[in-house]
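A.B. asks: Given chain A's structure and the hints, the job is docking chains B, C and D onto it.
Chains as they are written, first to last, in full-length UniProt numbering: chain A, 1 to 331; chain B, 1 to 331; chain C, 1 to 331; chain D, 1 to 331.
Some hints could be false.
Unchecked claim - A few chain A residues that don't get close to chain D, going by computed Cβ distances all over 10 Å: (1) 56; (2) 73; (3) 78; (4) 119; (5) 163; (6) 269; (7) 289; (8) 296; (9) 327.
To be verified - Restricting the straight-line Cα-Cα distance to at most 25 Å, the calculated cross-link-like pairs of lysine to any residue (SDA-like) are: (10) 190/C to 231/D; (11) 181/C to 234/D; (12) 136/B to 106/C; (13) 190/D to 241/C; (14) 311/D to 229/B; (15) 233/D to 133/C; (16) 140/A to 101/D; (17) 141/C to 70/B; (18) 190/A to 241/B; (19) 189/A to 234/B; (20) 141/D to 106/A; (21) 311/D to 258/B; (22) 140/D to 107/A; (23) 140/D to 106/A; (24) 189/D to 231/C; (25) 233/A to 290/B; (26) 181/A to 233/A; (27) 190/A to 68/A; (28) 141/B to 103/C; (29) 140/A to 103/D; (30) 190/A to 229/B.
FYI, nobody ran anything at the bench for these hints, they're computed from the structure. Note that the coordinates shown come from a computational prediction; the quantities given were computed from them, not determined experimentally. Every residue gets a Cβ at the ideal spot worked out from N, C-alpha and C, and that includes glycine.
Protein chains: 4
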Amino acid sequence: MAFRVLSRGASSVHQQQQQLKVLTDLLIRSFSSGPKNVGFIGLGNMGGPMASNLMAKGHKLHVFDISAEAKSALKAKGATPYDNVADLAKASDFVVTMLPNNDIVANTYDTIIGGGGVRSNTIFIDSSTIDPNVAKAVQKKVKEAGATFVDAPVSGGVPGAQNATLTFMVGGSVEEYGAVKELLEGMGKKITHCGGYGMGQAAKVCNNMMLGISMCGLAECMNLAIRLGLDPKVFADIINASTGRSWASEVNNPVPGIIPTAPAGKEYAGGFATGLITKDLGIASAVATTTNSPIPLGALTHQIYRTLMAKGLANKDFSVVYDFLKNSEGK
Amino acid sequence: MAFRVLSRGASSVHQQQQQLKVLTDLLIRSFSSGPKNVGFIGLGNMGGPMASNLMAKGHKLHVFDISAEAKSALKAKGATPYDNVADLAKASDFVVTMLPNNDIVANTYDTIIGGGGVRSNTIFIDSSTIDPNVAKAVQKKVKEAGATFVDAPVSGGVPGAQNATLTFMVGGSVEEYGAVKELLEGMGKKITHCGGYGMGQAAKVCNNMMLGISMCGLAECMNLAIRLGLDPKVFADIINASTGRSWASEVNNPVPGIIPTAPAGKEYAGGFATGLITKDLGIASAVATTTNSPIPLGALTHQIYRTLMAKGLANKDFSVVYDFLKNSEGK
Amino acid sequence: MAFRVLSRGASSVHQQQQQLKVLTDLLIRSFSSGPKNVGFIGLGNMGGPMASNLMAKGHKLHVFDISAEAKSALKAKGATPYDNVADLAKASDFVVTMLPNNDIVANTYDTIIGGGGVRSNTIFIDSSTIDPNVAKAVQKKVKEAGATFVDAPVSGGVPGAQNATLTFMVGGSVEEYGAVKELLEGMGKKITHCGGYGMGQAAKVCNNMMLGISMCGLAECMNLAIRLGLDPKVFADIINASTGRSWASEVNNPVPGIIPTAPAGKEYAGGFATGLITKDLGIASAVATTTNSPIPLGALTHQIYRTLMAKGLANKDFSVVYDFLKNSEGK
Amino acid sequence: MAFRVLSRGASSVHQQQQQLKVLTDLLIRSFSSGPKNVGFIGLGNMGGPMASNLMAKGHKLHVFDISAEAKSALKAKGATPYDNVADLAKASDFVVTMLPNNDIVANTYDTIIGGGGVRSNTIFIDSSTIDPNVAKAVQKKVKEAGATFVDAPVSGGVPGAQNATLTFMVGGSVEEYGAVKELLEGMGKKITHCGGYGMGQAAKVCNNMMLGISMCGLAECMNLAIRLGLDPKVFADIINASTGRSWASEVNNPVPGIIPTAPAGKEYAGGFATGLITKDLGIASAVATTTNSPIPLGALTHQIYRTLMAKGLANKDFSVVYDFLKNSEGK
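If we strip away everything but chain A, and leave its shape as in the complex, we get (with noise of 0.2 Å):
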């Protein structure tokens, strides 16, 4: 079976042997289950957490960060710390990746294949949100170097990253999934395969537009029934009840006290941030520059976080752009 998945560049019997190696490798490793060498590059707000639930699961974790603290913080629960990322990566058996950018990814992968990181049986693991270009960009050099990468962006945010009950998206063969699968349930209880390279990224931009397009266009209905008079509990309730129901009205009402554990009823603080949301919005629309696409709500949800951030709510939860649009008192 694993010859299906042989690349057809292949062209010679060396060639071939080796990514037999490869695949054999990940198969085996799919199926054996104890602690392993992780490298984890990225140690703030999701990945700091990440790596404490990897070692609480036995693993034994090689850290790297810019930040001496985050990199001490981690060395205290007993993680190996690291001062060069290619020395982190030949020592591990995954390398995780957990940056906040395009540029930042493509450097690190460079600076780790360059410094001669790169062992044939390490899995390298992005869970960056980037744009599934550069993910792609990255697995081709990376494969080139002899190794295996995937892209495993994640959702669920601070809190699914502490309680490892992330949703990583997967993006690479069904063999690669397989062989990864069982490392990231130590940080998340939802591992969907999204297709090949780069579709974990593009299974994350796509749903995180249509996230911002829904929770904008729910504070302006909520806004609107209100101002037409409706009690907006009871307007949730229709709304949940009908057509107009979303993961935003079910799950995170953009109106306080309506949903007693959202982030509206705690001044919109907590949650998944402007600021994020921006940066995917942002990652949706070059994608769709690239693609030719037209994303005439999505482009516009993108602006009107924008101007939230230059009002500066980076920190607040995304369905702080209710309390933006609606009307002051009296107006």
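C.D. replies: Leaving out everything else, chains B, C and D in the frame of chain A:
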């Protein structure tokens, strides 16, 4: 308990007695479930089957339409046709109106009132989709003429009308809601109380604005996902299990082949016509202007559907927006 | 020549004779330029100075406003105040109405007609900004009552009203335009004939929709240019010499310091109020819905200004949209 | 005076001497107006006629294009064709690049620099339309390789290229602007200095975003005006004398028949292609994302033009948006 809802403006004993009589009648009617004399005005694609369903429940129907054919069709099933809406109303315990727009609704009630068609114990139910403010104005006139009026627009479309599975959104007092519920259950399976007069219309227009936004947004997201290389079925499953899910994504995905029963698979025939969502979005835009409520995505969605109208797509299901936005072959 | 404009519906010799008399009167009046009895209804920020300018031209003014103070101010300058618009109209050769919205205009004319205030040789001129369809409906009623009505909304704002430099956009027949031109020249410097009844309003609403779009677009472009590192004055000169130029860029640049006399340099005081452009965009949205015309940018501009209204900026010049959209310091 | 522009980073006497030499060369060149060796890379619809115009001024042309036909055409007029851009650059005093996008521009300069094509006294002029940030990055590389680079995108389209009436928007120092002005005057009639490196591109992208917004807005307004009953020529005159006027309304009205010479009268042939404004709006969207600048109307205009692209209208003049938005007959 009935005294609670006596209007404050009832300045004389005589007026209070009259109101008490109306309320008592409402309470009695809500407990008496025998066949009624029901007037029905507007026998089109929706009204025709709704009136038929009431006859099937044993009610005696008194019907009017500007189309002689529409009246004949109901007459053939046993209804009594009228040439005059005031005469029809005089013969009826309930009068249901199912008409195309603000002006026709307002004119019809003016004609009934002017023609002396209002009996104090008749309940008028307007199931048209109109501006909530027009509904409030009509309610006021009917009340001044001595009878009862509620707004009760529907969702569920022609299939809902045919199968008596409509949702009714009722605006009126608790007692009035109680008094119409059983009759409406002869035409629908969910009868929701949305608040005071006009709130049925307000709930419908706000829900449908959200629905239009969800559908347009989903069309953009599906197209972008496909252009990025995602398999549409795989992505539909992902979004339905994620924060991007909505009624539109779960029940009426606009990409042909995802949901076998959806209009997308039938060249966008049937379903909820573009012409109707455009009309609802027009009402939403109008009431947003009246209340000075910002609706950026709602307004843009309105314009997108208006562009579809201008391209001759009025009779296609509103999910046809995907077909409109998607890239032509090879572009 | 006058026969050409006799309406086709004039079914009797008597009616034709009446129409001929009206037209002859119009022609005579357009050649007689002496002082007139002019009724003026609506003496606010615009109407007050307009009425004063007519007095300065030697006309005798008959005035009404719901505000006693407004009437007193004109009385002090020599005008005759009225408590009743029908009586005012009976005393007038011309009646100018300058009122806030559709409903007030319609009600005022109903009151005049109902009160027997229409003399066959009186010319009614409505300079309010309203829906073209309302203007058409009022014209029809005034005509049925035997007199003449034209719509003649203005641009130029309070300074234009004060300095008698307004532009009037007249909707009516060529003869009617000829009959009102001289009077209007007492309040403005440009009197444009836009077409038949309602076309003055149509021209104004379409022009102002374009103006709103230009201003919002320019605000975005200036902000983006500055964020990219361009000197705002240099870029303003470039755009004014290029394909991006517009009235807004040449006369009312929204960035403080570019045009010394523009409201941007005076904390957006004076000029064309956000509340007024929002009202005009609301009329544009309404008539676009009536005519099923797609206006994506017009509708979005409307929503942007509505958001500014919700933020309490109604009284600032509409160029304040730059200040609203621009990035906060350091963002 | 030249010392003023020495870069602060020039830390050694040697570096300062080198910079002084470059500046002296620039000054000398700006006063010497004889024929030059000019390299020209990119000989398409724009580049071909631009190179021909330079030959007509007496310059010696060294040309490259990936199309052999394009090179042959220039060779037939007397230019020297090259297979290698580095060799071309070595033979040239000035090198003009006129290429389709960011990546091709960046790769071309990498190839020139990598191939040792940079002589210290060569001035590179990029007239492509690209992201200002890419222009800045290329400038830095060229400077590090020891030579001079300015961005100088154009407006005026194919007719401007053919008739040597282009506008050039130059980003660079005052001295560099002075050094390229005369050469550019051989291809255009207006050479504008927009600021430092990248500011030529920034000015172009911001101006063209405004142009796209103006055209879409005007298309909506003209359609609405016509639907309301206004004569399009009369309304065009009104808007051009009012606050709604813009370059688009005065020079390129999108309604057929208003301006005889405009593309609208020639089935939208010629003019400024939809494909090109869409590309420019894509750059605007990208740099707005980079700088986190809200561009609601710019982004929506981008999406509208992208929808036109998806409908196969890439080669029509961008005023075709009127034809796209306008209502079909009878709708």
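A.B. asks: So, for every hint listed, does it hold in this structure?
C.D. replies: Against the structure, the hints:
{"no.": "1", "hint": "56", "in the structure": "holds, 37 Å"}
{"no.": "2", "hint": "73", "in the structure": "holds, 30 Å"}
{"no.": "3", "hint": "78", "in the structure": "holds, 39 Å"}
{"no.": "4", "hint": "119", "in the structure": "holds, 31 Å"}
{"no.": "5", "hint": "163", "in the structure": "holds, 31 Å"}
{"no.": "6", "hint": "269", "in the structure": "holds, 22 Å"}
{"no.": "7", "hint": "289", "in the structure": "violated, 4 Å"}
{"no.": "8", "hint": "296", "in the structure": "violated, 4 Å"}
{"no.": "9", "hint": "327", "in the structure": "holds, 19 Å"}
{"no.": "10", "hint": "190/C to 231/D", "in the structure": "holds, 19 Å"}
{"no.": "11", "hint": "181/C to 234/D", "in the structure": "holds, 18 Å"}
{"no.": "12", "hint": "136/B to 106/C", "in the structure": "holds, 21 Å"}
{"no.": "13", "hint": "190/D to 241/C", "in the structure": "holds, 10 Å"}
{"no.": "14", "hint": "311/D to 229/B", "in the structure": "holds, 20 Å"}
{"no.": "15", "hint": "233/D to 133/C", "in the structure": "holds, 21 Å"}
{"no.": "16", "hint": "140/A to 101/D", "in the structure": "holds, 23 Å"}
{"no.": "17", "hint": "141/C to 70/B", "in the structure": "violated, 36 Å"}
{"no.": "18", "hint": "190/A to 241/B", "in the structure": "holds, 10 Å"}
{"no.": "19", "hint": "189/A to 234/B", "in the structure": "holds, 19 Å"}
{"no.": "20", "hint": "141/D to 106/A", "in the structure": "holds, 20 Å"}
{"no.": "21", "hint": "311/D to 258/B", "in the structure": "holds, 24 Å"}
{"no.": "22", "hint": "140/D to 107/A", "in the structure": "holds, 19 Å"}
{"no.": "23", "hint": "140/D to 106/A", "in the structure": "holds, 21 Å"}
{"no.": "24", "hint": "189/D to 231/C", "in the structure": "holds, 23 Å"}
{"no.": "25", "hint": "233/A to 290/B", "in the structure": "holds, 23 Å"}
{"no.": "26", "hint": "181/A to 233/A", "in the structure": "violated, 41 Å"}
{"no.": "27", "hint": "190/A to 68/A", "in the structure": "violated, 32 Å"}
{"no.": "28", "hint": "141/B to 103/C", "in the structure": "holds, 19 Å"}
{"no.": "29", "hint": "140/A to 103/D", "in the structure": "holds, 19 Å"}
{"no.": "30", "hint": "190/A to 229/B", "in the structure": "holds, 22 Å"}
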